[in-house]
Each structure stands twice: as C-alpha cells, then as structure tokens.
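Per my numbering, residue 1 is the first one in the sequence shown, and the count goes up by one each step.
Incorrect hints may appear among the rest.
Distance windows between CB atoms, simulated [said to hold, decoys possible]:
hint, residue 1, residue 2, range
1, Pro-31, Lys-88, 44 to 54 Å
2, Glu-51, Asp-21, 15 to 25 Å
3, Val-244, Trp-20, 30 to 40 Å
4, Leu-14, Asp-48, 39 to 49 Å
5, Val-252, Val-150, 40 to 50 Å
Simulated from the structure, these hints should not be mistaken for laboratory data. Glycine included, each C-beta is placed from N, C-alpha and C at the ideal position.
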Amino acid sequence: MIAFGRLLDILDELREKCPWDRKQTYESLRPNTIEETYELTEALLKEDTNEITKELGDVLLHIIFYAKIGSEKGDFDIKDVCDKLCDKLIFRHPHVFGEEKAETAAEVSKTWEQIKLKEKDGNKSVLSGVPSGLPALIKAYRIQDKARNVGFDWEEKAQVWDKVHEEFEELQTEIAAMDAQKAKEEYGDLLFSIINAGRLYGINPENALELTNQKFIQRFNYLEEKTIKQGKHLKDMSLEEMDVYWEEAKKVQRNS
Numbered sequence: 001m002i003a004f005g006r007l008l009d010i011l012d013e014l015r016e017k018c019p020w021d022r023k024q025t026y027e028s029l030r031p032n033t034i035e036e037t038y039e040l041t042e043a044l045l046k047e048d049t050n051e052i053t054k055e056l057g058d059v060l061l062h063i064i065f066y067a068k069i070g071s072e073k074g075d076f077d078i079k080d081v082c083d084k085l086c087d088k089l090i091f092r093h094p095h096v097f098g099e100e101k102a103e104t105a106a107e108v109s110k111t112w113e114q115i116k117l118k119e120k121d122g123n124k125s126v127l128s129g130v131p132s133g134l135p136a137l138i139k140a141y142r143i144q145d146k147a148r149n150v151g152f153d154w155e156e157k158a159q160v161w162d163k164v165h166e167e168f169e170e171l172q173t174e175i176a177a178m179d180a181q182k183a184k185e186e187y188g189d190l191l192f193s194i195i196n197a198g199r200l201y202g203i204n205p206e207n208a209l210e211l212t213n214q215k216f217i218q219r220f221n222y223l224e225e226k227t228i229k230q231g232k233h234l235k236d237m238s239l240e241e242m243d244v245y246w247e248e249a250k251k252v253q254r255n256s
C-alpha cells in the first residue's frame with residue numbers, strides 16, 4: 001500500500017507540474033494504452049519476468065491516470081475503481097464469498113455467464129459482454145467461449161473437425177466459382193471453425209498465431225541476413241535458392 005500511495009502522489013505531482021502530463025485526456029491516452037497493453041502481452045508470451053514487471057507498471061500507470069482525470073472531472077476516483085472491482089469479484093464468486101459450491105474450474109465456468117447476467121449494470125445478453133472493438137480473431141474466440149458457458153457447444157470436441165472440413169470444401173467451391181464475395185464469407189467461416197477447434201483443444205488462437213508470426217520473422221531474418229552476406233538481394237533469387245536458407249533457419253531454430 002505504501003508503494004501504491006507513492007505512485008498516486010507522483011502522478012498528482014506530474015499532473016500539476018509536467019506540461020505533457022497536464023494536457024492528457026481520455027482520448028489522447030487511449031492509443032498509448034493500446035500500445036502498452038500489446039507490449040505487456042508480448043512480454044507475457046516471452047515469459048520475460050523483468051519485462052512483465054515493467055510493462056505491468058506501464059499499464060497500471062494508465063489505469064491510475066484515467067482515474068485521476070475522472071477525479072478532476074468529479075466523476076470517479078481510484079477508490080471508486082477499486083470498490084467497483086471488489087464488488088464485482090465478490091458477486092461473481094459466490095462459491096468463495098457465498099453459499100454456492102464449486103470444486104473445479106469447469107464448475108465455475110458453467111455458471112459464470114448466468115451470474116454476470118444477474119449483475120447490477122451488467123451484461124443484458126450473453127454476447128453483449130464481447131467488446132465490439134476487439135480484433136476479429138480474439139472476438140471470435142470470446143464469442144465462442146461465452147456461448148460455451150451457456151451450453152451452446154459441441155457434444156464431443158472431435159465433432160468440430162467435420163465442421164472444419166465442411167467449411168474448407170465450401171471455400172474451395174466458391175473460389176472455383178470465382179465468386180469473390182461468397183469466397184470471403186466462406187473464408188471467414190473456415191477461420192471461425194479453426195478458432196473453435198483451437199478453443200476446444202485448449203489452444204488460444206491468438207497466442208498460437210503470434211508464436212508462428214515470431215517463428216516466421218526469425219526464419220525470414222535469417223534468410224535475409226544470409227543473402228546480404230553473399231552480396232545478393234532476395235528479389236534476385238529464385239524460390240529454390242531461398243528455400244535452402246529457409247531450411248537452414250528451421251534447423252537453427254530447432255537446435256536452439
């Protein structure tokens with residue numbers, strides 16, 4: 001609590017004496033908040049504890065900054081933020097703070113959405129809790145997860161693969177027919193079904209895709225560095241020549 005109080009005092013002083021901090025608003029801070037959140041997720045994926053600690057601090061700064069602005073407007077302060085969070089946590093965990101019983105995470109998840117729908121000022125429908133501004137991949141996962149929590153899901157997870165194959169065949173049909181709009185729709189359906197498969201098998205698609213992104217970047221950088229050392233340019237090389245370095249990069253990754 002001493003450290004938190006010190007942080008609040010420092011922000012008060014910055015807000016009063018620093019020209020940049022003094023001019024910030026909800027709107028001006030928002031892009032930075034998004035950036036800081038992505039930097040935190042990157043540190044989490046790397047499991048870099050030093051970076052996680054630093055990025056958590058950056059996100060925390062934004063939280064108390066918004067609360068400071070709210071306080072200046074007379075709307076709310078950091079105490080209100082904490083109180084609302086505490087009330088929400090207590091209400092959503094009747095198996096901890098009430099008379100309900102839940103011994104496993106699955107049992108908690110089973111009643112999670114029903115509890116949220118009963119919450120004061122809470123969601124009016126199951127899917128209304130999914131922010132419209134979420135990136136599409138994350139949004140699809142959240143939509144599916146919320147539907148699961150009220151029982152709308154496959155009886156057996158292996159059934160999802162029939163859906164994946166069905167959507168893939170429908171996409172191929174529309175591509176062959178050269179119908180761009182329908183192909184786009186079917187491509188979306190295929191992605192949605194693959195995300196669903198990941199969810200059912202405990203694979204977060206956002207994390208999985210980012211790991212692949214990083215893997216591709218490392219391999220492509222290796223390929224590019226090798227060609228530069230030989231005085232070549234990628235655009236002047238054949239795919240077969242590039243593939244030699246690509247396979248080398250895969251071996252280097254596996255060994256490391």
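Hints, one by one, checked against the model:
1. Pro-31 x Lys-88: 44 to 54 Å: violated (27 Å)
2. Glu-51 x Asp-21: 15 to 25 Å: holds (24 Å)
3. Val-244 x Trp-20: 30 to 40 Å: Violated, at about 51 Å.
4. Leu-14 x Asp-48: 39 to 49 Å: At 27 Å between Cβs, range violated.
5. Val-252 x Val-150: 40 to 50 Å: holds (47 Å)
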